Amino acid sequence: MMNSVEVAHLSVSRGGNAVLRDLSFVLRPGQITGLLGPSGCGKTTLLRALVGVQRGVRGTVTVLGEPAGSARLRRRVGYVTQAPAVYADLSVVENLRYFASVLGSGRVEEVLQQVSLADRRDQLVQTLSGGERARVSLATALLSTPELLVLDEPTVGLDPVLRRDLWQLFRRLVDEGACLLVSSHVMDEAQRCDRLLLMRNGRFVADATPGKLLETTGAKDVEGAFLALAEAAA
Amino acid sequence: MTARVTLATAHRVLTQLRRDPRTMALMLVVPLVLLTLLRYVYDDRPQVFDHVGGPLLALFPFITMFLVTSVAMLRERTSGTLERLLTTPLGRGDLLVGYALAFGAVALLQTALASTVALWLLGLDLAASPALVVVLALLDALLGVALGLFLSAFARSEFQAVQFLPAFVLPQLLLCGLFAPRHSMAAVLRWLSDAFPLTYAVDGMQRLTASGEVTRGLLTDLAVVGGASLLALVLGSWTLQRQSA
Ligand SMILES: Nc1ncnc2c1ncn2[C@@H]1O[C@H](COP(=O)(O)OP(=O)(O)OP(=O)(O)O)[C@@H](O)[C@H]1O
Ligand SMILES: [Mg+2]
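Taken in sequence, the protein lines are chains F and V.
Going by the numbering used here, the first residue of the first sequence is number 22, and it counts up by one from there.
Going by the numbering used here, the first residue of the second sequence is number 17, and it counts up by one from there.
Please keep in mind that the hints were generated in silico from the structure rather than gathered at the bench.
Treat the hints with care, as some may be off.
Have a look at the derived ranges for each label pair, beta carbon to beta carbon [as the list claims (entries may be wrong)]: (1) G86/F - W254/V: 27 to 33 Å; (2) A183/V - D43/F: 44 to 50 Å; (3) A253/F - T18/V: 52 to 58 Å; (4) Q212/F - R93/V: 37 to 43 Å; (5) V177/F - R258/V: 24 to 30 Å; (6) R224/F - D210/V: 55 to 61 Å; (7) V177/F - S145/V: 56 to 62 Å; (8) G36/F - L181/V: 29 to 35 Å; (9) R93/V - T237/F: 44 to 50 Å.
Nothing here was measured: the structure is a model prediction, and the numbers come from that model.
In this text, a Cβ means the ideal position worked out from N, Cα and C, and glycines have one as well.
One chain only, chain V, in its complex shape:
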């Protein structure tokens, strides 16, 4: 792995995204529209907006980056460019980290925009500082990128890749504690919920909603989300084989 190749890869991925302004616009604007909708759906119950708004700020970067990354990586595989790149001195880490940097940058922009609108225009009431929100959202984006890179290896077409969202993300979403408190779930579901990384992402946001302190619980959440991302990146690098049948 070399800095030159990693940065060139990140730059290349960003250039490709720039060529697709509609996707860029959707990634940046859709979270704002959804947050605004939510704010006025609960117009007379602002405490519900406060309760759900924070976790949503964590979910947007995760979901968009998961989708965009898995499709981008799948294209890289099906267009033959991945195989071509693997005959060059490019290291697998260059590719993975290059992607993570590029989509991380987009996630930063997305989160900055969404947080600004939520906190200042929509009056979302979070106890913690916006900086902490951005840090957690970035880690969530990284988790989305890493899972997308890894899972794209198991998709043969863009149809399949898109179906991975309901298959791998919706169950995590249902069990993460946002829709029903985790302690009220059947034991098996609670164990599953303990094993899903998204649970910690949402738990982290709920903590930031409630308190501005950097507690042990928050640090655990950050560590689990970061650790799961690294694990997925390592698994992802195994799916980039230089040889094929």
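The following block holds chain F by itself, in its conformation from the complex:
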């Protein structure tokens, strides 16, 4: 099967600082990949490069067989930004209807169910809680049933029940053939991923399944593994 993402020698500088340093990796469909690392290590920058909104990218980034950011990818790739990008002065359903028209999708009701916001449909986004707002933002990216879904810390501010529900949703999406890349610095979510990319200072310090990671580092959880690797690298 074709790789969903192929990245070769990707480097990015922002404001004169090297943020990503010579990254190469591939992502396959049917997998959830977790992108973990400390604040400021370059997670958002990497996701932006995959979506094609980051300027000053060196190296090659191929997404679903096309250069990242090509016009033909705009329906096939879903991007959920770290800060919710929705209209605060519109209701939940008005936001979804607008993005649905832009994306040519008819899945508003379905997506409302998927993010458990059907009972909030007519509420203005500015009156929603932080977690609800984040789910509206997620919902807009699900509208076009993207083949690649890039999620920047989608579960921040959610309670354990909602978190579990969303991860079940993510699992269903990859079972249907999508490829998911999820950034997080909540290490306990890492157990739910098929593969982990651990990042530090713009480089990967590990690329393995959660089980393998614990095995090689001898740590008892991903957080411990990360600390072990970070100290070894320092």
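Starting from the known structure of chain F, fit chain V with the ligands onto it as the hints suggest.
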């Protein structure tokens, strides 16, 4: 660009405006209050009201649409929705024309109200037909929308965006020929005045005040205002970059 996305954008912008009834009310009522004030300030000199009232009908839509558009577009940038939209199939033209349609509709309402009150209640005496007044006012509104969309790219905050009004609009207003006849200005100022689009908007209204005929001069005014709006829209579309640093 597709009709579906452009219309959805216009609809979305109008829905946001509806959520803000105070802004809507201000946009529609303030011109009426100002026209009424002016009428009674010159209570015993109705010819002054006739002279200034027409150009004001052109200035209201320009100024309000300029302000509202630049703030709305700035919000779109700072809230992250612009960046998000630019990762979707939405074309830059969809966004710009969507905004222009939505604010154009509001301008139509504003001008219809202001003209009705000015012509029938306040006794403003214009030579031309009200339809021509509305056409010119709509073009002026479009100019305001287009300049607002373009200039909002250079504002980092709403404070800055609001300051663009005195910075970019007041000089045009001073030199447009309403306060002092253009031929009495220093040569450099007259050249500047020739280059400002608002000059043609006001000149057009002055022509409509004086005569009901569609003259060559009037058509030139309409063409310059329309052309300047299109130019600003094209410049505005360059400021909508899909990639950022
Ligand atoms: N526009 C910018 N100009 C200059 N430097 C920037 C810019 N944006 C981000 N950076 C820097 O790039 C580095 C990586 O930022 P990035 O947003 O990718 O981190 P992150 O891993 O997503 O962090 P977090 O977990 O806090 O979201 C940071 O050190 C940040 O200060
Ligand atoms: Mg980030």
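The hints, checked one at a time:
1. Hint check: G86/F to W254/V, Cβ distance near 30 Å, so the stated range 27 to 33 Å holds.
2. Hint check: A183/V to D43/F, Cβ distance near 45 Å, so the stated range 44 to 50 Å holds.
3. In this structure, A253/F and T18/V meet the distance hint of 52 to 58 Å, their C-beta atoms being roughly 53 Å apart.
4. In this structure the hint that Q212/F and R93/V lie 37 to 43 Å apart at CB holds, the actual value being about 38 Å.
5. In this structure, V177/F and R258/V meet the distance hint of 24 to 30 Å, their C-beta atoms being roughly 26 Å apart.
6. Restraint check, R224/F to D210/V: a C-beta distance of roughly 59 Å satisfies the suggested window 55 to 61 Å.
7. Checked against the hint of 56 to 62 Å, the pair V177/F and S145/V passes, with Cβ atoms roughly 60 Å apart.
8. A hinted range of 29 to 35 Å for the beta carbons of G36/F and L181/V is consistent with their spacing of about 32 Å.
9. Restraint check, R93/V to T237/F: a C-beta distance of roughly 45 Å satisfies the suggested window 44 to 50 Å.
The structure agrees with every numbered hint stated previously.
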